[in-house]
Amino acid sequence: VNDEDLAFSTVRQLGELLRAREVSPSELTRLFLARLDRLGTSLRAVVTITEEVALAEASLAEAELLRGVDRGPLHGIPYGLKDIVATAGIRTTWGGPPFRDQVFDYDGAVTSRLRNAGAILVAKLATIELAGGMGYDEPAASLTGATANPWNTEAWVGGSSSGPSAAMAAGLVPFTIGSDTGGSITLPAAWTGTAGLRATYGRVSRYGAMALCWTFDRLGPICRTADDCGLVLESIAGYDPRDPSSLKESYAYQRSRPRRDHFRIGAIKGACVGIEDEVRTNFNSTVKVLETLGTVEEVELPAFPYGEVAHVIMTAEITSAFDELVASGGIRELAGAKAHAHRLAGLVLPAHDYLRAQRIRRQLTAAFDDLASGFDALVAPTLGVVASGLHDSFAYMRPEASPQPINLAGVISGAPTVSVFNGLGQRGLPTGVGFTGGRYKENAILDAAHAFEEATRWWEQRPPLFGIP
Amino acid sequence: MSEVTNGYPPLDETSLPELVDRLVGLVKLAYADPLTAEEEAELETTMVAQVRAIETLRRYRLTNGDDVAFVVGADGRGVQ
Numbered sequence: 001v002n003d004e005d006l007a008f009s010t011v012r013q014l015g016e017l018l019r020a021r022e023v024s025p026s027e028l029t030r031l032f033l034a035r036l037d038r039l040g041t042s043l044r045a046v047v048t049i050t051e052e053v054a055l056a057e058a059s060l061a062e063a064e065l066l067r068g069v070d071r072g073p074l075h076g077i078p079y080g081l082k083d084i085v086a087t088a089g090i091r092t093t094w095g096g097p098p099f100r101d102q103v104f105d106y107d108g109a110v111t112s113r114l115r116n117a118g119a120i121l122v123a124k125l126a127t128i129e130l131a132g133g134m135g136y137d138e139p140a141a142s143l144t145g146a147t148a149n150p151w152n153t154e155a156w157v158g159g160s161s162s163g164p165s166a167a168m169a170a171g172l173v174p175f176t177i178g179s180d181t182g183g184s185i186t187l188p189a190a191w192t193g194t195a196g197l198r199a200t201y202g203r204v205s206r207y208g209a210m211a212l213c214w215t216f217d218r219l220g221p222i223c224r225t226a227d228d229c230g231l232v233l234e235s236i237a238g239y240d241p242r243d244p245s246s247l248k249e250s251y252a253y254q255r256s257r258p259r260r261d262h263f264r265i266g267a268i269k270g271a272c273v274g275i276e277d278e279v280r281t282n283f284n285s286t287v288k289v290l291e292t293l294g295t296v297e298e299v300e301l302p303a304f305p306y307g308e309v310a311h312v313i314m315t316a317e318i319t320s321a322f323d324e325l326v327a328s329g330g331i332r333e334l335a336g337a338k339a340h341a342h343r344l345a346g347l348v349l350p351a352h353d354y355l356r357a358q359r360i361r362r363q364l365t366a367a368f369d370d371l372a373s374g375f376d377a378l379v380a381p382t383l384g385v386v387a388s389g390l391h392d393s394f395a396y397m398r399p400e401a402s403p404q405p406i407n408l409a410g411v412i413s414g415a416p417t418v419s420v421f422n423g424l425g426q427r428g429l430p431t432g433v434g435f436t437g438g439r440y441k442e443n444a445i446l447d448a449a450h451a452f453e454e455a456t457r458w459w460e461q462r463p464p465l466f467g468i469p
Numbered sequence: 470m471s472e473v474t475n476g477y478p479p480l481d482e483t484s485l486p487e488l489v490d491r492l493v494g495l496v497k498l499a500y501a502d503p504l505t506a507e508e509e510a511e512l513e514t515t516m517v518a519q520v521r522a523i524e525t526l527r528r529y530r531l532t533n534g535d536d537v538a539f540v541v542g543a544d545g546r547g548v549q
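Protein sequences appear in the order of chains A and H. The opening residue of the first sequence carries number 1 in the numbering used here; numbering runs sequentially from there. The opening residue of the second sequence carries number 470 in the numbering used here; numbering runs sequentially from there.
Just so you know, the hints here were simulated from the structure itself, not pulled from any lab data. Incorrect hints may appear among the rest.
[Said to hold, decoys possible] Covered by chain A, according to a simulated footprint, are these stretches of chain H (three or more residues, beta-carbon under 8 angstroms):
# : stretch
1 : 497–504
2 : 511–519
3 : 522–530
[Unchecked claim] Calculated from the model, a selection of chain H residues having no Cβ within reach of chain A, i.e. all distances over 12 angstroms:
# : residue
4 : P479
5 : E507
6 : E508
Just so we're clear, the structure is a prediction, and the values are computed from it rather than from any experiment. In this text, a Cβ means the ideal position worked out from N, Cα and C, and glycines have one as well.
Please model the complete structure; the sequences and the hints are all you need to start from.
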């Protein structure tokens with residue numbers, strides 16, 4: 001296997017190669033460190049390359065695998081972590097200039113769990129500052145600048161998990177961890193031709209991750225395939241008393257069970273209205289493929305003020321989460337300071353209106369659960385457009401660029417969504433399709449997305465600039 | 470979506486600019502640093518969106534059953 005093929009292999013494929021001793025954890029680690037060094041900085045996808053830690057963890061994994069100690073599917077596999085999760089002794093910048101030298105003396109829960117699973121941390125990856133929490137109107141609102149899209153370096157990758165999605169698309173790491181509050185995993189995954197999983201709220205402990213909006217925040221994988229997302233989720237999921245939102249139930253990906261071959265899919269009515277022609281064409285092709293894998297029925301989302309509920313809850317919680325930053329004047333040190341002024345509106349958002357939004361959320365969640373219970377997955381284009389320009393201001397973004405209502409339904413209700421690659425659109429840029437399911441039903445959406453990926457093999461496509469030896 | 474008044478008067482579009490102006494004034498009182506003209510314009514735009522979002526939610530029908538079950542960590546299953 002040549003280096004280029006290794007760089008674009010799935011976690012599952014690399015695991016097989018490691019166990020067949022066709023490659024070692026140290027060789028993989030050196031390969032990805034070199035790619036991060038050579039390509040990561042020019043894409044502005046990387047904050048810190050963790051070479052010393054990586055080589056030590058690789059040596060340990062190598063010795064363990066040689067002794068027959070097998071920690072599971074991530075053992076010996078390098079990965080990158082969005083730079084909002086704490087790593088003891090390694091800076092965690094939250095992507096913002098005021099925090100450029102911030103170092104914690106403890107690991108986030110995800111960091112610890114991945115170390116216990118034998119994964120190898122090779123890089124802290126770029127993020128829109130504060131994971132977009134203060135709002136932003138340009139891709140450059142980040143300590144590391146605007147992250148370029150490996151498919152077309154004049155385009156952006158989306159946010160806020162910009163580094164993880166770009167690093168995956170360019171083959172700089174085998175898997176990454178991102179975070180999502182309003183679409184920050186699924187949306188950049190769609191714009192980079194990668195697979196991003198926002199698991200059920202509470203599935204993954206957020207201990208050690210920057211808080212943004214307590215009742216929306218989630219951590220999750222951005223990988224090459226839905227199958228890899230399942231492998232990573234199983235390693236990072238689980239109860240953690242240090243995160244009060246943590247679910248008590250355990251999660252198993254159940255990757256060894258027979259694959260299902262008949263899915264019940266709901267296609268969201270109206271999801272293609274006003275979107276780019278290429279995105280619509282790709283989605284229609286996706287539906288045709290899904291019809292060969294089961295039944296597809298057009299369904300309507302329950303009528304709720306999704307945007308308004310999300311707006312009010314996020315505004316209230318984010319204003320509280322960043323209270324000290326606002327009070328101290330640190331807000332002015334951020335890269336996108338002008339746009340951040342809009343977050344001050346939260347200072348006069350009445351408490352009773354926040355609680356009203358939470359009460360409507362309860363109705364919304366019940367209605368969405370009811371709809372989702374009839375299907376393995378509800379599908380819609382993840383975004384109606386391909387990636388915007390690297391230097392475009394969002395102030396001029398067209399309405400069809402807004403995330404689909406199904407995205408907000410998942411964000412608000414806590415339901416899981418996986419976005420996978422489903423074609424190419426304008427300027428050679430990827431498009432994505434989102435599979436959203438009922439809460440706690442990650443396996444159903446991962447199965448359906450995996451079946452789609454197996455039927456189409458879009459995930460094997462590589463960005464021309466980075467995929468050709 | 471149920472359209473109800475819940476006792477709130479309809480949003481008066483003609484008085485919206487004045488309402489926004491007053492709310493921005495409150496923010497300026499609460500926020501120690503003076504705002505630049507650019508920042509104030511940004512804040513005004515957001516305030517209009519915030520007022521409209523609140524207005525929409527205030528017209529949504531709720532019942533006593535729509536309790537907030539205190540959302541984070543409620544019975545260990547997250548959002549309730």
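Each hint, compared with the structure:
With a threshold of 8 angstroms between beta carbons, the proposed coverage of the stretch 497–504 of chain H by chain A holds, since 5 of its residues qualify and at least three are required. With a threshold of 8 angstroms between beta carbons, the proposed coverage of the stretch 511–519 of chain H by chain A holds, since 7 of its residues qualify and at least three are required. Against chain A, the stretch 522–530 of chain H contributes 6 residues with a C-beta closer than 8 angstroms to a partner C-beta. That satisfies the three-residue criterion, and the hint holds. Listed as a non-interface residue, P479/H keeps its Cβ farther than 12 angstroms from every Cβ of chain A; the least gap is roughly 16 angstroms.
Not every CB of chain A is more than 12 angstroms from the CB of E507/H (nearest about 6 angstroms), against its label as outside the interface. The Cβ of E508/H does not lie farther than 12 angstroms from every Cβ of chain A; its closest approach is about 4 angstroms, which violates its non-interface assignment.
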